[in-house]
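Participant: What follows is the residue order along each chain.
There are 2 protein chains.
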Amino acid sequence: VLSGGQAPGGHNVIAGLFDGLLQFDPCSELHGFLGGPRGLIEGKERPLDAGAIAPYRHMGGFDLLGSGRDKIESVEQLAACRATCERLRLDGLVVIGGDDSNTNAATLAEHFRERGLSTAVVGVPKTIDGDLKSDEIEASFGFDTATKVYAELIGNLCRDARSARKYWHFVRLMGRSASHVTLECALQTQPNVALIGEEVERHGRTLAEIIDDVAQAVRRRAAAGTSYGVVLVPEGLIEFVPEMRGLIDELNRLFATAAAEFDRLATADDRERFVRSRLSPPVGRAFAELPERIRQQLLLDRDAHGNVLVSQIDTELLLIDGVRRRVAAWQKSGEFHGKLGTLGHFFGYEGRCAQPTNFDADYTYALGRVASRLVAAGHTGYMASLRGLVDSPRSWRAQGVPLTSLMRLEQRHGRQTPVVAKALVCLDGAPFRHLAAERERWAIEDAYVYPGAIQYFGPPEVCNAPTRTLALESAEREG
Amino acid sequence: VLSGGQAPGGHNVIAGLFDGLLQFDPCSELHGFLGGPRGLIEGKERPLDAGAIAPYRHMGGFDLLGSGRDKIESVEQLAACRATCERLRLDGLVVIGGDDSNTNAATLAEHFRERGLSTAVVGVPKTIDGDLKSDEIEASFGFDTATKVYAELIGNLCRDARSARKYWHFVRLMGRSASHVTLECALQTQPNVALIGEEVERHGRTLAEIIDDVAQAVRRRAAAGTSYGVVLVPEGLIEFVPEMRGLIDELNRLFATAAAEFDRLATADDRERFVRSRLSPPVGRAFAELPERIRQQLLLDRDAHGNVLVSQIDTELLLIDGVRRRVAAWQKSGEFHGKLGTLGHFFGYEGRCAQPTNFDADYTYALGRVASRLVAAGHTGYMASLRGLVDSPRSWRAQGVPLTSLMRLEQRHGRQTPVVAKALVCLDGAPFRHLAAERERWAIEDAYVYPGAIQYFGPPEVCNAPTRTLALESAEREG
Chain A
1 VLSGGQAPGG HNVIAGLFDG LLQFDPCSEL HGFLGGPRGL IEGKERPLDA
51 GAIAPYRHMG GFDLLGSGRD KIESVEQLAA CRATCERLRL DGLVVIGGDD
101 SNTNAATLAE HFRERGLSTA VVGVPKTIDG DLKSDEIEAS FGFDTATKVY
151 AELIGNLCRD ARSARKYWHF VRLMGRSASH VTLECALQTQ PNVALIGEEV
201 ERHGRTLAEI IDDVAQAVRR RAAAGTSYGV VLVPEGLIEF VPEMRGLIDE
251 LNRLFATAAA EFDRLATADD RERFVRSRLS PPVGRAFAEL PERIRQQLLL
301 DRDAHGNVLV SQIDTELLLI DGVRRRVAAW QKSGEFHGKL GTLGHFFGYE
351 GRCAQPTNFD ADYTYALGRV ASRLVAAGHT GYMASLRGLV DSPRSWRAQG
401 VPLTSLMRLE QRHGRQTPVV AKALVCLDGA PFRHLAAERE RWAIEDAYVY
451 PGAIQYFGPP EVCNAPTRTL ALESAEREG
Chain B
1 VLSGGQAPGG HNVIAGLFDG LLQFDPCSEL HGFLGGPRGL IEGKERPLDA
51 GAIAPYRHMG GFDLLGSGRD KIESVEQLAA CRATCERLRL DGLVVIGGDD
101 SNTNAATLAE HFRERGLSTA VVGVPKTIDG DLKSDEIEAS FGFDTATKVY
151 AELIGNLCRD ARSARKYWHF VRLMGRSASH VTLECALQTQ PNVALIGEEV
201 ERHGRTLAEI IDDVAQAVRR RAAAGTSYGV VLVPEGLIEF VPEMRGLIDE
251 LNRLFATAAA EFDRLATADD RERFVRSRLS PPVGRAFAEL PERIRQQLLL
301 DRDAHGNVLV SQIDTELLLI DGVRRRVAAW QKSGEFHGKL GTLGHFFGYE
351 GRCAQPTNFD ADYTYALGRV ASRLVAAGHT GYMASLRGLV DSPRSWRAQG
401 VPLTSLMRLE QRHGRQTPVV AKALVCLDGA PFRHLAAERE RWAIEDAYVY
451 PGAIQYFGPP EVCNAPTRTL ALESAEREG
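Protein chains in written order, with this note's numbering: chain A, 1 to 479; chain B, 1 to 479.
No wet-lab data here; the hints were simulated from the structure. Among the hints, erroneous ones may be present.
Which copy is meant is left open, so a pair is good if it fits within one copy or across any two.
[Claimed, not checked] Dumping the calculated SDA-like pairs for lysine to any residue here, alpha-carbon to alpha-carbon at most 20 Å:
no.	residue 1	residue 2
1	Lys339	Ala223
2	Lys339	Ile444
3	Lys339	Gln312
4	Lys166	Ala447
5	Lys71	Gly378
6	Lys71	Lys166
7	Lys166	Arg302
Keep in mind that this is a model prediction, so the values were computed, not measured.
Using the sequences and the hints, build the whole thing.
Facilitator: Written out as structure tokens, the structure reads:
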């Protein structure tokens with residue numbers, strides 16, 4: 001079952017799994033569940049043979065089966081999954097997904113074990129966000145490809161900035177809970193500014209302080225005669241900013257109780273007045289200071305659970321607006337000469353369905369093979385893993401990692417629940433330390449690197465290089 | 001001199017020119033003007049030797065020299081250019097640019113000839129928009145690379161649409177005056193809908209009709225159980241729509257006379273009232289029907305000449321808004337079941353500074369060599385050209401094309417002026433005919449093609465394929 005957002009290489013996990021199972025026993029059968037966990041719950045599946053898989057080998061996307069974001073939590077859902085596995089007499093169930101999906105996998109493994117069902121549940125670490133990793137899981141698949149697609153585009157924008165000499169490009173990058181994608185793209189392209197959500201949270205920085213920092217970078221470059229630059233912004237930034245986190249929490253609570261009343265209001269002005277009269281004074285002030293467009297996005301877009309749709313908020317435009325206001329004030333007071341041109345970008349969907357890099361193609365195929373071995377050996381509740389990923393695939397070391405070793409207790413629905421934990425950017429880790437050591441220089445100089453398009457056929461150092469994150473973390477681990 | 005917007009391969013023109021000049025005479029000197037035509041006018045230049053050029057060979061962007069959009073029109077500007085060429089004792093002046101820049105080149109060639117200056121002026125056809133071509137100029141450089149970058153990303157979105165099965169992606173593409181980029185990307189990726197500005201204009205289609213067409217495509221797919229798709233929108237679409245063209249014209253005239261009064265208005269509401277009271281009734285109605293954000297963009301952003309900044313208008317959001325309204329009405333009347341998820345994208349800056357494809361790298365280097373031969377032979381007022389571009393570079397045929405053969409009279413500043421004409425999409429040409437023949441099928445089926453990242457090192461059919469536009473036009477030319 002493919003679960004959650006797409007990541008390049010998902011199809012190769014299936015291919016590796018299929019080949020591994022047939023090698024183990026030529027009479028093996030592989031079934032694919034349709035539309036993610038829902039397919040498992042509802043028993044919607046299709047048999048996968050060599051002909052069905054062949055056109056999808058090395059291809060991006062999850063379109064062979066589709067995906068979905070359903071969680072498997074309730075007693076009824078667990079029973080439905082069990083019934084599906086019993087009906088199909090499955091020796092194994094392979095869940096290809098991120099933290100939520102692997103929490104599903106752990107829950108299912110536990111449930112099946114309790115009920116004496118012999119279906120071995122195996123997880124495969126997938127997410128372009130890069131936040132599913134541990135000492136035993138060096139990387140989730142898809143991160144390599146997605147960051148290289150984004151880095152290609154950011155490199156092009158750096159080149160554009162330096163050529164046109166009149167734009168500051170503000171680039172928001174997918175990755176809501178953790179800033180690994182932004183950090184990796186920064187290490188690959190060396191932009192003038194890269195904001196890291198985890199650092200913002202550690203230092204409790206306000207939105208005004210963040211905007212000040214960026215505006216100061218703009219001013220320092222302008223003073224040196226440079227009226228262009230590139231700023232990277234993680235999609236989830238505002239959730240790391242205390243007052244914005246407070247605003248989102250208050251809005252979610254408000255919508256939970258007063259959505260019907262709110263939705264009856266006819267005009268945008270009415271809705272704003274309604275909300276402002278119900279927010280606490282400091283949060284109300286933070287709300288009032290936001291640009292109109294962001295205020296509207298906070299009020300108009302809600303997800304299926306009625307919560308503010310944070311991923312749809314144009315954080316890059318929020319920063320652009322703030323920086324422009326500060327620069328306008330400096331222009332008035334004579335502290336800033338010249339113009340400020342700004343352009344906003346969002347890179348997300350373009351990368352998560354890209355064709356996998358050689359690294360991700362190899363890694364996912366190998367993960368599929370490892371998963372087939374874990375299933376064949378009847379190991380349940382394990383995640384497929386490969387170690388030594390910076391080395392050649394020939395020397396990768398296969399292993400199974402107990403899902404429980406990745407879990408910790410979190411407050412969910414009012415009670416302590418074991419979940420696979422998200423791995424946030426470690427501010428003491430080598431990748432962030434590298435950024436912290438270099439960023440002063442990158443802010444002033446044009447230290448841009450232009451990685452170009454992902455290559456498949458050329459020199460290994462061009463085609464097979466791991467991410468900077470993986471290389472730095474591996475070097476650190478080796479000591 | 002590099003002139004206008006960046007296009008991949010500009011640096012290779014300089015490299016080819018340099019190598020060609022040195023082959024002709026090892027004592028040749030090459031100077032590069034800084035910041036586009038302004039560098040020529042102000043005499044700001046730098047000598048270019050092998051060491052200066054080496055790091056820029058095969059690299060994207062125009063950052064070796066920078067670029068600019070100044071026109072060379074006035075008597076003073078012409079005299080200043082002449083003085084620069086005389087001071088540097090230039091045998092030749094190579095203008096790398098699009099239609100405006102080559103109009104500059106033609107004007108300079110004529111002016112130099114009249115004044116007896118022996119500097120030969122040679123143009124090189126540059127523009128990612130693809131609208132500088134003729135029977136003698138098969139393609140402008142940069143079009144190949146830019147469209148392949150966009151097609152990579154569009155292909156990824158098609159894969160994403162088909163995997164997530166819940167989003168319609170609306171993609172606006174750079175290319176304001178002509179829809180070649182959108183047409184080429186459509187031929188490469190086979191999306192569900194591709195709008196072509198020239199067709200909209202030919203049939204005098206209103207915005208409402210265009211939105212209806214797209215909404216009908218959404219409805220037909222929804223009726224077949226498919227709640228996703230991809231729509232390509234040329235950046236310049238709204239300028240081809242009669243009532244929007246009328247609106248933009250009236251706004252430009254209004255700003256020309258009443259900008260000071262308008263800019264003193266404090267609130268968005270005041271500005272809207274001011275404008276609406278001054279627009280003609282039908283244009284005022286068209287304005288009132290636009291979404292708020294688009295109305296604001298029309299009123300807030302103006303270019304250096306005080307005109308509406310059409311390139312900053314989020315046309316994809318305009319269409320999304322219209323389609324959502326129609327679908328909402330159908331949902332109410334029970335004619336549409338299910339949901340509509342929409343996402344907007346704009347691809348432009350990412351592509352114009354990309355590293356050139358093998359085709360553009362070869363083409364631009366060869367154009368530089370041709371320009372060096374034209375200069376060495378003292379031919380002035382010519383554009384460097386290569387024929388037979390679909391064949392291997394070994395069999396390309398070099399030639400010079402008189403700039404005057406590309407020119408026609410247009411109304412500029414109130415008088416008939418000879419300018420290099422933009423080549424719009426020909427609705428009788430093979431590329432558009434191919435789209436027209438296939439698009440019914442593409443609208444319903446998932447006929448998506450996923451071109452993937454630009455490759456440099458692999459099989460020639462992957463790495464060196466020309467654009468579909470060039471291939472179809474060449475096949476048609478050969479009969």
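Participant: Go through the numbered hints given earlier and state which of them the structure violates, listing their numbers in rising order.
Facilitator: 5
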